[in-house]
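Protein sequence lines, in the order shown, are assigned to chains A and B. With this note's numbering applied, the first sequence covers 1 to 468. With this note's numbering applied, the second sequence covers 1 to 223.
Keep in mind the hints are simulated off the structure, nothing from the lab. Careful: at least some of the hints might be erroneous.
A short list of chain B residues far from chain A (calculated; beta carbon distances all over 10 Å) [claimed, not checked]:
no., residue
1, D97
2, K101
3, P102
4, A113
5, R197
6, G202
7, F206
8, V214
Ranges of calculated distance between the beta carbons of each label pair, as one might list FRET restraints [stated by the list, open to error]:
no., chain 1, residue 1, chain 2, residue 2, range
9, B, R141, A, Q268, 26 to 36 Å
10, A, E292, B, N183, 48 to 58 Å
11, A, I296, B, V138, 27 to 37 Å
12, B, N183, A, E310, 17 to 27 Å
13, B, R164, A, Q268, 31 to 41 Å
14, B, E177, A, Q249, 20 to 30 Å
15, A, E292, B, V138, 40 to 50 Å
16, A, A217, B, S61, 43 to 53 Å
17, B, D148, A, Q268, 46 to 56 Å
18, B, S61, A, I296, 47 to 57 Å
19, B, P55, A, I254, 16 to 26 Å
Quick reminder that beta carbons are idealized off the backbone N, C-alpha and C, glycines included.
Take a look at the letters that make up each chain.
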Amino acid sequence: MVRGIALQREAGFRSFELRVLGLLKSSPMRQALWLSLLFLLTSALSLGVTYYVAHNAQERAIQDSLIQDMISFRATPSAQALAVLVNAQTSETDPRRRLLSYRHPGGRVIAGNAAITQKDEGFRLVVLGADPTPVQGSFLLLSERIHGGLLTIAQSAKPLHDLRETFLRVFLFSLLPTITIAVLGGVLLARRAARILADLDAVLSRLTSGELTARVAPESMARGDLARIGDSVNRMAAAQESSMAALKQVSADIAHDLKSPIQRVAVQLADLQQIEDLPVEARQIADQTIVETQSIVETFQSLLQIAQLEGGSPKSRFVPTDLAAIAATFAEIYEPVAEEEGRRLTLSLPDQPVWMLGDKGLLGQMLANLVENALRHTPEGSDIAISVSQNEQGVALTLRDHGPGIPEGEQQNVLRRLYRLEQSRTTPGSGLGLSLVQAIADLHGAGLALENADPGLRVRLSFAAVTL
Amino acid sequence: MKILVIEDDKTTGPFVAKGLRQEGHTVDLVANGRDGLLQATTADYDILVLDRMLPGLDGLSLIKTLRGAGQRTPAIMLTALSGVEDRIEGLEAGADDYLVKPFAFGELSARVAALARRPGYQQQETTLQAADLQMDLVHHRVTRAGVDIPLLPREFTLLEHLLRRKGRVQTRTMLLEAVLGINFYPQTQLVETHISRLRGKGDRPFYQDLIENVRGAGYRIAA
Numbered sequence: 001m002v003r004g005i006a007l008q009r010e011a012g013f014r015s016f017e018l019r020v021l022g023l024l025k026s027s028p029m030r031q032a033l034w035l036s037l038l039f040l041l042t043s044a045l046s047l048g049v050t051y052y053v054a055h056n057a058q059e060r061a062i063q064d065s066l067i068q069d070m071i072s073f074r075a076t077p078s079a080q081a082l083a084v085l086v087n088a089q090t091s092e093t094d095p096r097r098r099l100l101s102y103r104h105p106g107g108r109v110i111a112g113n114a115a116i117t118q119k120d121e122g123f124r125l126v127v128l129g130a131d132p133t134p135v136q137g138s139f140l141l142l143s144e145r146i147h148g149g150l151l152t153i154a155q156s157a158k159p160l161h162d163l164r165e166t167f168l169r170v171f172l173f174s175l176l177p178t179i180t181i182a183v184l185g186g187v188l189l190a191r192r193a194a195r196i197l198a199d200l201d202a203v204l205s206r207l208t209s210g211e212l213t214a215r216v217a218p219e220s221m222a223r224g225d226l227a228r229i230g231d232s233v234n235r236m237a238a239a240q241e242s243s244m245a246a247l248k249q250v251s252a253d254i255a256h257d258l259k260s261p262i263q264r265v266a267v268q269l270a271d272l273q274q275i276e277d278l279p280v281e282a283r284q285i286a287d288q289t290i291v292e293t294q295s296i297v298e299t300f301q302s303l304l305q306i307a308q309l310e311g312g313s314p315k316s317r318f319v320p321t322d323l324a325a326i327a328a329t330f331a332e333i334y335e336p337v338a339e340e341e342g343r344r345l346t347l348s349l350p351d352q353p354v355w356m357l358g359d360k361g362l363l364g365q366m367l368a369n370l371v372e373n374a375l376r377h378t379p380e381g382s383d384i385a386i387s388v389s390q391n392e393q394g395v396a397l398t399l400r401d402h403g404p405g406i407p408e409g410e411q412q413n414v415l416r417r418l419y420r421l422e423q424s425r426t427t428p429g430s431g432l433g434l435s436l437v438q439a440i441a442d443l444h445g446a447g448l449a450l451e452n453a454d455p456g457l458r459v460r461l462s463f464a465a466v467t468l
Numbered sequence: 001m002k003i004l005v006i007e008d009d010k011t012t013g014p015f016v017a018k019g020l021r022q023e024g025h026t027v028d029l030v031a032n033g034r035d036g037l038l039q040a041t042t043a044d045y046d047i048l049v050l051d052r053m054l055p056g057l058d059g060l061s062l063i064k065t066l067r068g069a070g071q072r073t074p075a076i077m078l079t080a081l082s083g084v085e086d087r088i089e090g091l092e093a094g095a096d097d098y099l100v101k102p103f104a105f106g107e108l109s110a111r112v113a114a115l116a117r118r119p120g121y122q123q124q125e126t127t128l129q130a131a132d133l134q135m136d137l138v139h140h141r142v143t144r145a146g147v148d149i150p151l152l153p154r155e156f157t158l159l160e161h162l163l164r165r166k167g168r169v170q171t172r173t174m175l176l177e178a179v180l181g182i183n184f185y186p187q188t189q190l191v192e193t194h195i196s197r198l199r200g201k202g203d204r205p206f207y208q209d210l211i212e213n214v215r216g217a218g219y220r221i222a223a
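Build the full structure now, drawing on both the sequences and the hints.
Rendered as structure tokens:
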């Protein structure tokens with residue numbers, strides 16, 4: 001239970017992490033971050049320069065005041081008098097603001113505050129804080145030799161410190177919120193853009209899967225370039241939908257206009273057969289004509305079906321399908337026919353189901369076409385082997401026969417509609433079987449390869465692996 | 001039975017009507033969708049035979065309207081459109097069966113008979129019988145005159161299909177769809193071969209042939 005919660009939490013965290021990563025990858029988010037960084041750098045630079053100038057001016061002011069101070073001490077007549085003055089002033093001034101110290105030339109006698117006593121002349125910045133000094137803080141001090149001793153005057157550097165504080169505050173209270181707003185805005189924009197892109201992506205994959213009525217919703221479109229893309233997608237989809245509708249209409253019209261007369265022919269032939277004293281010969285002609293009309297219809301139906309498959313619309317019926325089960329079923333259905341015609345149909349399947357996304361009826365029709373093709377073009381007594389295999393790359397359906405095969409240069413030609421090899425002109429068939437196989441393979445995004453199996457033909461269909 | 005045929009084609013309509021009348025049915029023939037709808041709603045028919053493309057009101061809309069109004073009369077749709085999608089569309093609209101043009105009359109006749117008996121075949125039998133042949137549905141066993149006939153699963157299904165429809169012709173297309181699950185025209189003698197296999201096991205060794213070949217139509221086991 002506890003472990004479950006921990007796992008759940010981990011999963012939750014991971015999905016959060018993924019979302020953040022996803023956002024960082026989106027271009028609006030990256031742009032927002034870059035702009036924020038640029039803004040931060042520019043602001044920091046200009047603030048830094050201003051601080052530097054202000055700090056220098058402040059320091060100069062303190063130094064000037066120290067120099068001024070020093071001049072008044074120079075006016076004392078002797079070291080003795082200077083020490084007395086230093087002591088007098090030390091007791092009068094606020095040690096947090098001003099400190100003095102004077103070291104006698106020969107001895108150790110020191111007037112004022114010993115903590116700031118220096119060894120050399122010049123300006124210095126010191127920080128007081130350690131015992132035993134009662135005063136703390138940073139001080140700017142000036143030392144100068146007067147009457148052989150060293151006089152040091154220190155003035156609080158608090159204004160400098162305050163200046164730094166002020167600048168830091170300016171930085172914290174103005175710049176950071178600005179940047180936070182920029183980043184948040186970026187995140188919001190990025191999420192919005194990501195949502196629109198996800199919508200576009202979803203619509204596109206619905207369209208490619210044959211759902212031609214899919215459209216990008218107007219409310220999910222932002223203004224600007226994404227809207228234009230959404231618009232184009234919608235226009236493209238509408239064009240494809242109307243061309244599919246046109247194809248359907250044309251197919252329906254042709255079907256109707258062609259089949260109605262054929263139906264009438266069939267009716268008249270049936271009437272003819274009913275005539276009682278019809279000569280046997282005439283009856284045979286009628287029978288033969290019925291068979292011929294049926295084959296016209298079948299050829300025509302195959303052509304229509306290929307056109308419809310190439311239009312791509314049946315994709316919306318794709319469901320998880322076990323290719324091994326289809327192969328097993330059709331091998332079983334065709335086994336008696338193969339035996340009747342003196343061929344042996346063998347089947348080799350993996351132990352597990354072989355799942356793929358597809359249209360079960362069409363896949364069966366494809367396999368039936370391949371088997372019938374093999375039955376027609378191979379010598380009696382030969383083997384026809386069906387196999388299904390699966391690896392990480394995908395799923396393969398292979399049918400191998402021991403017939404004459406297809407000559408090297410003709411392998412692409414036999415996939416063309418109504419094309420027939422010279423060698424098989426005399427065998428029955430419409431020349432549409434392999435075209436239909438190709439169309440069904442294309443619809444499933446499968447590769448179709450015709451290979452020379454020496455002897456015989458190997459037809460290999462490779463489907464992409466799917467995770468269900 | 002009383003059958004309404006809605007077909008605008010001037011040859012096919014009368015041909016269907018004549019054939020059905022010869023089989024002893026009472027047939028009304030109308031040539032457009034609007035009249036068809038009116039006729040179907042005002043008179044009481046056992047079966048509707050309608051074309052998909054009709055002037056006035058097309059067959060799909062007609063059947064949808066009928067079903068929308070609660071009319072359940074079994075309907076066979078005749079059509080020039082043979083795609084699987086067209087078939088699905090037709091069945092979804094409410095047709096009970098779907099027959100692609102051009103069709104032989106035997107095919108239509110067999111389907112009319114199948115539709116007419118549809119509601120009857122709901123009871124759960126455990127054995128089926130024809131002459132001296134017995135099929136045990138529970139143990140998947142077939143005997144003839146007491147002799148065991150070992151059948152493959154597909155042969156068993158085929159025999160069961162014919163036995164359940166004793167006396168009615170089952171056409172090649174009907175058997176393809178129902179027994180082999182195939183919705184396209186195979187280029188080989190699939191049904192014929194399966195029937196001949198079944199005959200080899202179930203008929204040939206015995207005196208009387210049970211599976212009849214009905215010329216120009218299909219197969220049947222006599223009632």
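Going through the numbered hints above, which ones does this structure break? Give me the numbers in ascending order. 2, 3, 5, 9, 10, 11, 16 and 18
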